[in-house]
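To convert, note that position 265 of the sequence shown is 265 in the numbering used here; the numbers rise steadily by one, no gaps.
It is possible that some hints are incorrect.
No farther apart than 20 Å at their CA atoms in a straight line, the calculated lysine to any residue pairs in the SDA-like style are these [claimed, not checked]:
1. Lys-21 to Thr-32
2. Lys-4 to Gly-122
3. Lys-141 to Lys-162
4. Lys-249 to Leu-270
5. Lys-129 to Gln-248
6. Lys-280 to Met-3
7. Lys-250 to Arg-175
8. Lys-232 to Ser-150
9. Lys-141 to Leu-168
10. Lys-181 to Glu-165
11. Lys-129 to Arg-166
12. Lys-255 to Gly-292
13. Lys-21 to Thr-44
14. Lys-214 to Leu-226
15. Lys-35 to Ser-96
16. Lys-169 to Glu-189
17. Lys-141 to Thr-247
18. Lys-162 to Glu-261
19. Lys-169 to Thr-130
20. Lys-288 to Gly-224
21. Lys-174 to Asn-164
22. Lys-232 to Gly-292
Okay, the calculated beta carbon distance ranges per label pair [what the hints assert, rightly or not]:
23. Ser-20 to Lys-129: 30 to 36 Å
24. Arg-147 to Gly-52: 40 to 46 Å
25. Arg-175 to Asp-92: 46 to 52 Å
26. Pro-191 to Thr-281: 40 to 46 Å
27. Thr-28 to Arg-297: 49 to 55 Å
28. Thr-213 to Ala-295: 19 to 25 Å
In case anyone wonders, no lab produced these hints; they're calculated from the structure.
Virtual Cβ for every residue (Gly too), placed ideally from N, Cα, C.
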Amino acid sequence: MIMKTQHFGIEIEMTGITRSKAASLMATFFGTERKYHEGGAYDTYIAEDGQGRKWKAMNDSSLYPEKKVGGRTVEATTNYRTEVVSPILSYDDIPSLQELIRTLRRAGAFANSSCGIHIHVGAERFTPKTLRNLVNVFYSKEDLIYRALSIDPGREHRYCRKTNERFLKELNKKRPATMAKFADLWYMEAPCGRNMHYNSSRYHGLNLHATFTKGTVEFRLFNGTLHAGEIKAYIQFCLAMTHQALTQKKASARKTETDNEKYAFRCWMLRLGLIGDEFKTCRHHLLKNLTGNAAWRHAAA
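Sequences and hints are given; from them, build the entire structure.
So this is what it looks like as structure tokens:
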């Protein structure tokens, strides 16, 4: 199953513990005790796991730092702006990642409204055709996805905007045959500084700036959480979407319209391959915020 052979990475924003503390906890969790302060513009701390992979705890200026004192949440110093960035991971790493998240949470880490989660999926298998499939698949379900994830309006309008309609129209009109031509369409909205890390085109729920600069497809959709089950569900969902785009012959950008969003989304999840007991919690977390009846297209009167 292609879904499970894809590689991914995750960025988890949090507060409640310092970057130094997060790195120490990670080094201890992995049993290596290898932790050091790299510094730099993001005041990065690094912990190594048993495979020598580097896990980072970095500063993110968009985070509002807080900590718990005597059961109360209070303002904290900027040392408490902590973003944990994983190395490249495989599907088999998910259980260990979940335990690491639980370790950080037990030590006092938490997510507030300034926090988010970004998931990167390796883009090495994508062609211009399958990448266009992904854009169309994502756009067609975009409104449902945003409701399913209860995306904070402030984050939606600033850090994870919906698909640029002009880009979508030109993409399906021109059907680029090369990644270079695909990139030209993506950067229509922000042509200056295409190779810069903070090019403004990155602030979309589906971020292809990462594709052309880092070799990944980035999903910037998720509200901050340290719930290990939710994070696993988000990873599985992203891998299932990219899997569908890679394996479908074509994909339509037609928006899904429904008066039973829970049923429509559940049916799509089953088509994505998120079926059976293995993905039961994934379906639960992605359906719980939607209205309607998951079992019946038309509920009994």
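Outcome of the hint check:
1. Lys-21 to Thr-32: 15 Å, holds
2. Lys-4 to Gly-122: Status holds; Cα separation ~12 Å.
3. Lys-141 to Lys-162: Distance of about 11 Å is within 20 Å: holds.
4. Lys-249 to Leu-270: Holds. Lys-249 to Leu-270 sits at ~18 Å (cutoff 20 Å).
5. Lys-129 to Gln-248: Holds: Lys-129 and Gln-248 sit about 10 Å apart, inside 20 Å.
6. Lys-280 to Met-3: Given pair Lys-280, Met-3 holds - Cα atoms ~16 Å apart, limit 20 Å.
7. Lys-250 to Arg-175: 12 Å, holds
8. Lys-232 to Ser-150: 17 Å, holds
9. Lys-141 to Leu-168: Judged against 20 Å, a Cα distance of about 14 Å means the pair holds.
10. Lys-181 to Glu-165: 18 Å, holds
11. Lys-129 to Arg-166: 18 Å, holds
12. Lys-255 to Gly-292: Answer holds: Lys-255 to Gly-292 is near 18 Å, not above 20 Å.
13. Lys-21 to Thr-44: At roughly 12 Å apart (the allowed maximum being 20 Å), Thr-44 and Lys-21 satisfy the hint.
14. Lys-214 to Leu-226: 26 Å, violated
15. Lys-35 to Ser-96: Roughly 18 Å separates the two Cα atoms, so the pair holds.
16. Lys-169 to Glu-189: It holds: about 13 Å lies between the C-alpha atoms, which stays within 20 Å.
17. Lys-141 to Thr-247: 18 Å, holds
18. Lys-162 to Glu-261: Holds, because 18 Å separates the two Cα atoms, which is no more than 20 Å.
19. Lys-169 to Thr-130: 16 Å, holds
20. Lys-288 to Gly-224: Since the Cα atoms of Lys-288 and Gly-224 sit roughly 17 Å apart, the hinted pair holds (cutoff 20 Å).
21. Lys-174 to Asn-164: Distance ~16 Å between Lys-174 and Asn-164 Cα, so the pair holds.
22. Lys-232 to Gly-292: 24 Å, violated
23. Ser-20 to Lys-129: 30 to 36 Å: 46 Å, violated
24. Arg-147 to Gly-52: 40 to 46 Å: 41 Å, holds
25. Arg-175 to Asp-92: 46 to 52 Å: For Asp-92 against Arg-175, whose Cβ atoms are near 36 Å apart, the range 46 to 52 Å is violated.
26. Pro-191 to Thr-281: 40 to 46 Å: 42 Å, holds
27. Thr-28 to Arg-297: 49 to 55 Å: Roughly 50 Å apart at Cβ, these two residues keep to the hinted range, so it holds.
28. Thr-213 to Ala-295: 19 to 25 Å: 43 Å, violated
Of the numbered hints listed earlier, those contradicted by the structure are 14, 22, 23, 25, 28.
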